[in-house]
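Number of protein chains: 2
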Amino acid sequence: MLAPRIIRQLEEIVGKEQVTCDPTDMLCYSYDATQQSFLPDAVVFPADTAQISAIVRLANREQVPLFPRGAGSGFSGGALPTRGGIVLVTTRLDRIVEIDQDNLVARVQPGVVTEQFQQAVEKVGLFYPPDPASLKFSTLGGNAAECAGGPRCVKYGVTKDYILGLEVVTPQGDIIRTGGATMKGVVGYDLTKLMVGSEGTLGIITELIIKLLPLPEAKKTLLILFDSIDGAAQAVSAIIRGKIIPTTLEFMDAATIACVRQATQLDLPEEAQAVLIVEVDGDAALLERQAQRVLDIVAPLGVVGTRVANTPAESEELWKVRRSVSASLRNVNPDKFNEDICVPRSRVPEMIRKVDVIARKYGIPIVNFGHAGDGNIHVNIMVDGRQEGQLDLAKQAIEEVFAGALELGGTMSGEHGVGNTKAPYIPMELDPAAVAYMQTIKRALDPNNILNPGKIFLEAPVQAS
Amino acid sequence: MLAPRIIRQLEEIVGKEQVTCDPTDMLCYSYDATQQSFLPDAVVFPADTAQISAIVRLANREQVPLFPRGAGSGFSGGALPTRGGIVLVTTRLDRIVEIDQDNLVARVQPGVVTEQFQQAVEKVGLFYPPDPASLKFSTLGGNAAECAGGPRCVKYGVTKDYILGLEVVTPQGDIIRTGGATMKGVVGYDLTKLMVGSEGTLGIITELIIKLLPLPEAKKTLLILFDSIDGAAQAVSAIIRGKIIPTTLEFMDAATIACVRQATQLDLPEEAQAVLIVEVDGDAALLERQAQRVLDIVAPLGVVGTRVANTPAESEELWKVRRSVSASLRNVNPDKFNEDICVPRSRVPEMIRKVDVIARKYGIPIVNFGHAGDGNIHVNIMVDGRQEGQLDLAKQAIEEVFAGALELGGTMSGEHGVGNTKAPYIPMELDPAAVAYMQTIKRALDPNNILNPGKIFLEAPVQAS
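Which chain is which? The protein sequence lines are V and S, in order.
The first sequence runs 1 to 465 under full-length UniProt numbering.
The second sequence runs 1 to 465 under full-length UniProt numbering.
Just so you know, these hints were derived from the structure itself, not from any lab.
Among the hints, erroneous ones may be present.
If chains are identical, the list can't say which one is meant, so a pair holds when it fits in one copy or spans any two.
Here are the simulated DSSO-like cross-link-like pairs (lysine-lysine), alpha carbons at most 30 Å apart as the crow flies [claimed, not checked]:
(1) Lys-243 / Lys-136
(2) Lys-336 / Lys-123
(3) Lys-219 / Lys-243
Hey, can you work out the whole structure from these sequences and the hints?
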C-alpha cells in the first residue's frame, strides 16, 4: 500500500482521474501474456514526458518501485509489477508525430500501436518491418523495450535495427535524447541500442525516431508440406545456402500441424509431418523466379505438397494455417510455456531432436513452431497446471530446453526477453563477469533500484501472487 | 616514463621482443589519420586474449593509462596515446577463425584487415558490406571500436549492423562474451552494440562474431554530372523518394571536381559543378531497369553528362574519380581537417550552402564530398598551418560547420567518431544529462580511468605534442 501522500503527489502530477488504486481497475495492469499476475499499489497514466519525469523523481524520493508498461503483451514478464509499487502506463502517449517521406524516418510516441503505425507508413508507400505476433495491440515503446521480433526479421532484422534515436527519462528522472534522425551517428556511447531491449530497467522511452524502408512492390507466399521434420529443417539451411534470404521462413512441426488440423477446417494431409511457410518480397518481376528457385531447392527433401499464393487474398489464406496455431494449442493442454529459444539456423534439426527427447522423458507434449529462418523456434511446453506435479515437470523441461539451445551455440531468448520468467536461468547463458558488467551499469544508473527492479538478471526471482 | 618494473612485467606477459620503449619504434604508434602525434611510454604487442587481460590488470595495478590500437587509421584520434602510458596493438590477433557458410556468420580476431576479410568471404560467395576508405589497412577491431562506415552503408548499414557478438576484455581485465552467433538474442543488456563505437573506452575487443550476407549477383555503376550543386543534392532526395536505395550514392562538389581535374587526367567537363556516383546491386536482371529509373529521376535536375559502367573494369574506371579525391586535395593546401558531419539527406543542399557561406566568411577553401545517400558529407577544411592564424581560422570554421549540421537535425560525426578531436565540441551536440548518463557508465566500469582516458567526452581536451 502506498502512503496517501504519494497518491496525492501522483494526482498532482497527472490529474486525479489518471491515477487509480482500485483493485478491480488495477487487475487489468497486473498481468501480461505469461499469465502471471502481480497487483500493483497504484496505476498512473501520464500524458507526456514531463509528467513521466516527475513521476520518476517522485518514485526516487519515496523509494517506490516503478514499472513502465505499454500494452502488456510481453511474453517474459518484463512489464509486471513484481513487487507492488507503481505501474506507469504509456498508452496515452499515442501520437505519430511525423512521417518524413524524404528521409524515410518517423517520430512516434511510445504508446502508438504497432499495426496502426505500420498501416500509417504503408499508406505513403513506406514499410516498418518488425512484426511481433501481438502487433494488433502491442505498442512501439514496448516493442523497443523488449526488442521485439517477428516472422519478417529473417530478412529485415529486429526492432533494434529500426530505432535511430530515443527520448528517454532516466532512472533518476532526467530527460535525455539519444541518437538522432540521421542514418549514421557515432557521437558518444550508443545509448539508443543499450536502451532497446533493456526492458525498462535503464530508462523509460518517451519518444522514438524510427527508420523506414520503401514498401516492397509485391510478395509471394509458398506453403510447403514435408514428410519429415528433418526434411523441413534441411530445407531452411538449403534455402539460405542457396543465397536466398526470404522475408519469412516459418516452421511448424507435426504436433503443431495435428493441433491445427484438429481445431480448424484447414486441409492438411496426414502425411505432412512439417510445414514451411516461405514468403519472398521485392520487385514483382523477380518473385516468380525466386519462388521457383525455392521450390527447386526443397524438392529433393521430401516435399508432399505445395501451395503457392499469387494474390494477397490467397496469401492470407495460407497464413491462416500459421495464425491458427496459438489458439489451437489450447486443445492440447490448458497451460502453455512458450519459450523462444534461438540457435544458429543450421542447428535447428538437432534442436528439434533434443526437444523431442525432452518431451518423451517428461511425458509432456511439446509443440514447436516459429521463425526457422533465423533459428528462432517457439518451443511450447503444454501442461495442465491443475494436475499435481505438472508445473514442476514443465520447469525441468524448460531448463533442459534452454540447456539444449545453449549447447548448440544458441540463446534462451531470441525475441521475448528475460523479464522475471527467464531471470533464474541467466547464469546458464551469461558468464558471471558479463552479468557483473551489466549489473554495474544498472546500479550506477539506477542507484535506488527504482526502475523495473527484479527484472532481467538483477536479483533473485520473485513469486507470482 | 614507465618504471622499469612495469616494463619487466609487460615483458613477462608478452615476451621481451613484443614490448618496445624505443622512441623510433614508438613513433609508428604515436599518430593516426588526424596527423596528430603523441609519444607513448611503451608499445606492447600481445598475442592473445589472456595476455591482453593480464596487461589490463597490470595497468590497473600500476595506474598506467592504456590505449588499444588497431591499424591507427582513425580520423578522430581515438587510438592516440594522448597522455603517454601503454599502447596495446592488436594486429597480432589476425586470424579469421571461421567462416560458417550455413549460418552466414564469421568469427574473427580484431587484427584482421578489413579488405582481407572481405576478400575471404567473397571467395565463398558471401558479403561483408562495411567499406571504410581505409579498408586496405584498417582492422576489423578498429572498425568496430569506431563503428566505421563507408559508401555502401546507404543500403547496407554500418559496422554495428554486422557485429553479432564479441569477446571483450573489460576495463578491469575480466574476459566477457557479449551477444552470440544467432541472428536474434535478447538476453541481458546489449553490450555488443554498446561496445561498438565506444572507441576502446569500455573494453578491448578480442574477438568478433560477424553477420554476413549473400554476395549480390551483380552491380552497375553510374557517374552523373550536374550543372549545379543544388541539382545533385535534389537528385539524392529524388532517388530515395523514388523508393530506390542504391548501394552507394556518392557526391562531389565543384571544388572537389576542380581538384580532381587538376591532379589527374580524368575527363570532367568544365560545366560539371557536381558529381554523383550511383551504384546499384542485386539481381542482374533488375539492374538495367533500376539504373534507367535513376537516370529518369535525375534527368530534369540539370544533368550535363552521364557515364554508365557495365563491367567491373568500367566500374573501376568511374570509381577512380572518387578515389583520386583525397590525394588531389593536397594541391589545395597542405593541411586538411576532414569532418564527417551527417544530416537528414533532404537537408544536404542546405548544408552545402551553409558550408559555402562559412568558407567565404573565413576565406578558407572547403571541399565537400562523401556519402550523400545517407547525408554523411565529408567537409574538408583546407588550410596551410605554416601561415599564421590559419589553424585558428580552421577551428572557428569547424565549429560553425558543426553548428550548421546540428541546426539541420544532424550530427557532428557520421562515421569517424569523437576521439580527442571532437571531444571539445561534445556539449554542442549532447545535452548535459546525456553526457552525465554516459560518464556514469564509464566511471562505473572503469573506476581507475585506465582504458583510453581523455577520449569521447570524458575530460578536458589535451594538447598534441
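- [ ] Kindly indicate which numbered hints from before are broken by the structure, ordering the numbers from low to high.
- [x] 2
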